[in-house]
Each structure stands twice: as C-alpha cells, then as structure tokens.
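*Asks:* Using the sequences and the hints, build the whole thing.
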Amino acid sequence: MAPVPVTERPRRIPGGPWPVAALVVLLLVSLWLMSRATEDSAQFGRLYSALLIVNAIGLVGLTGLIGWNLTWLIGQVSRRRPGGRLTARMVATFSLLAVTPVVIVFVFSLRFLDRGIDSWFDVRVARALEDALELGKLSLDAQMRNRFRQVERMSAELASISPDGYAGWLTESQSRSGASELTLVSSSGSALAASTDATSLVPHRPDETVLLQLKQTHRYIGLDPIGQSGLFIRVAVELPADLRGEKRYLQALFPVAERMNELAAGVQQAFAKYRELSYLREPLKTTFILTLSLVLAFSLLSAVWAAFFFARRMVAPLRSLSSAIRAVAAGDYEGRLPEGGSDELGFLVESYNDMTRRLGAARDETRQSQAQVEAQRTYLEAVLLRLSSGVLTTDREGRLFTANKMAGQLLGAELEAALGQPLARLASNHPHVAPLLRVLEAHTEDTTEDWREEVVLLGPHGRQVLMCRGTPLEEAGPRGAHPETPLAEGRVGQGQLLVFDDVTNLIEAERNQAWSEVARRLAHEIKNPLTPIQLSAERLRHK
Amino acid sequence: MLGALLCLTFTATWATGARCAPSFPDTFTVEHGRIRLEEGVYYADARVDIDLSARSREALRNGVPLTFDIEFKVYRKRRWLWDETVASLEARYSVKLHQLSGQYVMRNVNLGLSQSYPTLESLRDALSHIEHFPLIDARLLDRGAPYWWGIRARLDIESLPAPLRPLAYLQSMFALRGHQGWRSWPLSR
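Respectively, the protein sequence lines represent chains A and B.
For the first sequence, my numbering begins at 6 and goes up steadily by one.
For the second sequence, my numbering begins at 46 and goes up steadily by one.
For the record, the hints were derived by calculation from the structure and aren't laboratory data.
Keep in mind it's a predicted model, so treat the numbers as computed, not measured.
Careful, some of the hints might be misleading.
Unchecked claim - Below, a sample of chain B positions facing chain A; criterion: calculated Cβ distance under 8 Å:
#1 Leu145
#2 Ser146
#3 Gln148
#4 Ser161
#5 Ser167
#6 Leu172
#7 His174
#8 His177
#9 Ala207
#10 Arg210
Just so it is clear, CB atoms sit at the ideal spot from N, CA and C, and this is done for glycine as well.
*Replies:* What follows is the structure in structure tokens.
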C-alpha cells in the first residue's frame, strides 16, 4: 500500500529561503554602511539618510514578519495546537539568548560612545583656538587702526580737492596707499567716484548696515572676507558735506598681507570647525546612538525572526509527529510522515514510519487471524447447532459459558438466558436439571480427566436418562469472562465441557428388546413341552 | 524588552535633539512677486520674508553653514491633467559666519559669488530681495495657454550636518504649509 500523508498537516510557514536571503542582504548592507560611515565623517554625512532608509525598511519588514509570526504563535497556543507551546518556549529561549548579550553590548557601547565623543573635545584645545583667534584679531586690529588713520589723512586731503580732481586723486591715492579699492560714496551708498585694482572691476559698495553706522558714528572700520580673495580691511570715514550739503564718505579696502591672510584663514577654519563640532557634540552623540540603535534593533529583530523561523522549522516534524500519533491513536495506520533529515528528528520520523508500517502489518495479520477464527467459530457453531447431542461448557468459576441449541431442548430449559450465570442459579430456575449440574460441579472440582456418567432427570419430558461425557477445559480465555453470546470471540472459558445424549428411548428400546427376548424364550420354553404334549394328544385322539 | 529599548532610544534621541540641536521651523513667506518681460525674457522680482528661528541663528553663530533654496517654476495649468511644469529653476545660497571678522558670508552657489554682511539682519534683507531673476524665454511659451509662475523658499536640510538632519526633517514635516510652500501668480503677458 502506498504511503499516505497524515491527514492533519501543519500550515506551511510563508517564508523559505528568499525572505531570509533578502533579510541577510539588508542586514549586511546596513552593517556595511555603518562601517563605512564610522570610518569617515564625510561618508557618514552622505550615507546617513541611506542608512536611515535601509534600516527603516528593514525594521518595518521585520516588524511585519514578527507580528505575523507572533499572531500565528498566539493562535497556535490558544487553540492548543500540537507544538504550539514548544514553539513558544523555543522562541522565547532563542530570543532571550540573542537579545541579552546584544543589549549588554549595546549599553556598554553607549557608554564608550559617550566618552569617546567627549574625549574629542579638550578644554585646553578650545582655549588655545580661542586664543589664536583672539591673537589674530588683535594683530588685525593693529593693522586696522593704522589703515583707519591713513584713511582719515586721505579724507582730509580729499576734502580740499575740487570734485573735478576726485578721479585723479583716487587713482593716485589708491596706488600710493596700497589700497585695492578707493571709493567716494554718497549717503545713499552709490559710488560717486572709484579707483580699483585690476582684480575688481566694480567697487564693493557699503551695504545698509555700514551706511547706517557711518551716519551714526561718521566712521566704519571692519574686516571683510571677500570671495576667494581673502580678508580685506574696510575703512570708511565721513567727508565734510559738499556744496549742496550732501554727506559723502570715503571708503577704502585694504588687502591683508598674504602671509597674514593665510594664517588668519587657517585659524579661522580651525576655530570654526572646532566650534561647529563642539556645537554638534550632543546631536552627534544622539546621531551615533540613533544609528547604533537602528542597526542593533535591526539585528535584534532579525534574531527574533530567526528564532521564530528556526523554532518553527525544528518543531514542524514534532508537530507532524504529534498529529500523526493522534491519527494512529484513532486507528489510522496508513499515515506516513515525509522523510526528515539525518538528525535525531529525522531518525524519530523514520522510526515512526517504521512503527506505523509494522502496526499496519500486525493489524492486517490480526484481521486475517480474526477472520479465520470467525470462520472456524461459524463452522463450529453450525456443527454444534446440528448435533443431536447437547453440549455445555462452564468456566472455572462455575458459570455457564456456552450451550448449544440441542442442550436446551434436551434439558427443557432456556439456556441462552442463563449464559454467564452460575450453575446454581440455573439449578434454581430449572430444578429438574439440578442432578446434571451437581454432577458437573462435582467433576469441575475434582476431575482432571475425562469422565462418563449417566444421569437421570425428572423433567417436563418425564424421566430422562442422559449419558454424559465430560472433559476438563484448559485455560483458553480471560479469567471470568462473561460472554453475551455463545462461543463469542476469545471468550472460551476454563472449566468443563459436557456432552450429553438422551438415552431414555434407547434404554427403553433395549429394555423392550430384552423383554421380547424373554417372552420369545419363555414362549420357546413353553412351546417346547407343548409340542410333545400336542403330539401325544393327537396320538391319543387317533388312538 | 526590545520594544522598550527602542522606545527609550527614540525618546532619548528626541529629548536630546530637542535640547541640543537647533530646530528648524524657519518660516519662509513669499510677500509678493512680480514678473516683467524684457527683451523677450521674463524676469521675476520677489520679496521673501525669511524668519530664522532662534535655533537656526544659534547654529549659524556656532559655525554651522545653512543653505537656502529659492525655487522658481513656470507651469501651465491644465483642466483635466495635472499641471505641466515648463521651467524649474533654483537659486542656492549658502550662509555661514566668518568667525574672525564676525561677518556673515552669503555665497551664491549658482554664481560662485560671495558677499559679507556685518549682521544677520542685513544678510536676511539681502536674501529676501530677489530682483531681476531670469525665469524663461517667452518664445518657449505657447500663446493663449494659461501659464503661472511660482516661488518658494526653504532650508536645504540635506546640506545640514548629519546630526541635525533627523530633527530638521521631523520639524520641517510639521512646518510645511499649503502647497508645500509655493506661492503662485498668473504669468501675465
């Protein structure tokens, strides 16, 4: 017979290799991004959003998977499905084993991260940078004061020049003073006249703030970073009002010495970077913690999902086995489990399949034997039914075990109703069979060999002479079995087998035969003397 | 346990971010816009009121550069389909504090030109006034079609240092108003 799968198979888990592969790839990508990001802060800036997105996608997917698995597991446990509790225990154990060390490492990582970032910043370095910046400012301040005095002198010169000579004076003064740009500015900020060097075609006009300060304090001095050219000293002073009463300003832009510019740029960049980093210290910690937490959460959720996955895979054969055993308990020996692996579970599955095969074969053999016994029993019943002799059996407890139909007829008693009852009750219900039952009981207790005895009953049929032959029965069935039908399967009791015949007629016939022989012989004896008497009488008469 | 860990982490992140990182609910309001046609080219003038939050100012003062995008678009309205964008332009300005001079330097990223301002207010004023911005060649527009032009300004969050981005994204999500900050006018011809 071909193997038939067990009827109740566990529902297949949606999963398999592809989600696992996708999950592993996502995890590896996330870890790779994390590794790249931690190696280089510029990379970190570029990869940050990607890292967040990858982790967010992974987290959402994993959360969904775990939610699905959790719902399934709760359903299994609440419905008391085979393997549900074992799966829950395994998932809890695996998860605990995975989560506990990771959480411990995470807590320590947070502490190291916090201290590591704090160690980047040193109060002495910050103070040194501030001092360097201050030093640069002081150095530039000295230059700015010199330039301011220079521009003040130039403004005094310019005040004495007629407007027609402004352009020439500005050009000459610009080259003489070393300014890169010299501009005469109106009160609205427009350039009235200007002289610039070759690097600048259009003069850098003062903006509203500078003009406002000029109007309030009549002078302005400051450092201006201009494009890629570096630092410039911007000095503006108010000129005496012109003939129309309008205010004018002389603005000069002086380039800072090249070496000074380089040093100032270096100090500026270092200070700005350090200050930015100091400002971003806490957000940076938060960002690293967030990133670490995301990767950790991704790893943990992966571990939890893997716990579900492997727990289900490990419990699946046991679940199948449980269902299959239930099927066996219900009498279905045809169920076969799919072949397992080469591990202990596979061996268990193989043993189960072997067991069910053997059980099925044993059941088939039992059925065949049972059929044979049934046939023999039917045959025996037919023979007993048609026997002219009565047949009774008793068990060792002295209860009537079997009785054929002829036995009831010969004894004139309803023996079928008395099956399983003690012989004493049969005797009380049918007193005329008591002599027979007494003989039977006597031989049940004493006799271990075949016996033969003639019993005389006085029953409804008158006087009956029964020729009884008995034999003890060996142990053949359960002690004290109480059959409900004669010769039921496996219910042959221990006790006595009694076969009896009604020999009343036979004895009567023998008696009649004997009397007739007596009569014949008497007649013969009587007849013998009569013949000579008759002959003598006839002779006498003739005579 | 895992859920509790994540909750703690995100709560700590939010709390730390809210305490230490600048929030960027800067408001960019387009006050008015005007279009004019000169020699076959449409030029836009506009005034964008940029209200920098205290945290943005703090970030600038601490050397964090901020990048502002002023975006323009010309689009044609359609009755049954979505609007067709005919032209899309962007002016990017990077702003940072020059620590040595104490000046705020605004760099026009498109042109590569820098301008320094002694105060943040003067820089803001300069940034707010958009004048003579070339929008589109009039020959590219179909006659009789209903064209509109729009403008919006925003802080470029991706240009922020990475540690400030998550919070800035979260806050900008709540700060967006209307059609993602766009203000539009019909392109009168």
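*Asks:* Taking the hints in turn, state whether each one holds.
*Replies:* Status of the hints after comparison with the structure:
Because the smallest distance between the Cβ of leucine 145 (chain B) and any Cβ of chain A comes to about 4 Å, under 8 Å, the interface hint for this residue holds. Given the 8 Å rule on beta carbons, the hint for serine 146 (chain B) holds: about 4 Å separates it from the nearest Cβ of chain A. At its closest, the beta carbon of glutamine 148 (chain B) sits 6 Å from a beta carbon of chain A; the interface hint therefore holds under the 8 Å criterion. Taking 8 Å as the C-beta contact cut-off toward chain A, the hint placing serine 161 (chain B) at the interface holds, the least distance being around 5 Å.
Because the smallest distance between the Cβ of serine 167 (chain B) and any Cβ of chain A comes to about 4 Å, under 8 Å, the interface hint for this residue holds. Checking leucine 172 (chain B) against chain A by beta carbon gives a least distance of about 12 Å; that is not within 8 Å, so the hint is violated. At its closest, the beta carbon of histidine 174 (chain B) sits 11 Å from a beta carbon of chain A; the interface hint therefore is violated under the 8 Å criterion. Hint status for histidine 177 (chain B) relative to chain A: violated, with the closest Cβ pair at about 16 Å, above 8 Å.
At a threshold of 8 Å, the smallest CB-CB gap from alanine 207 (chain B) to chain A is about 4 Å, leaving the interface hint in force. Restraint check, arginine 210 (chain B) versus chain A: the minimum CB separation of about 7 Å is within 8 Å; hint holds.
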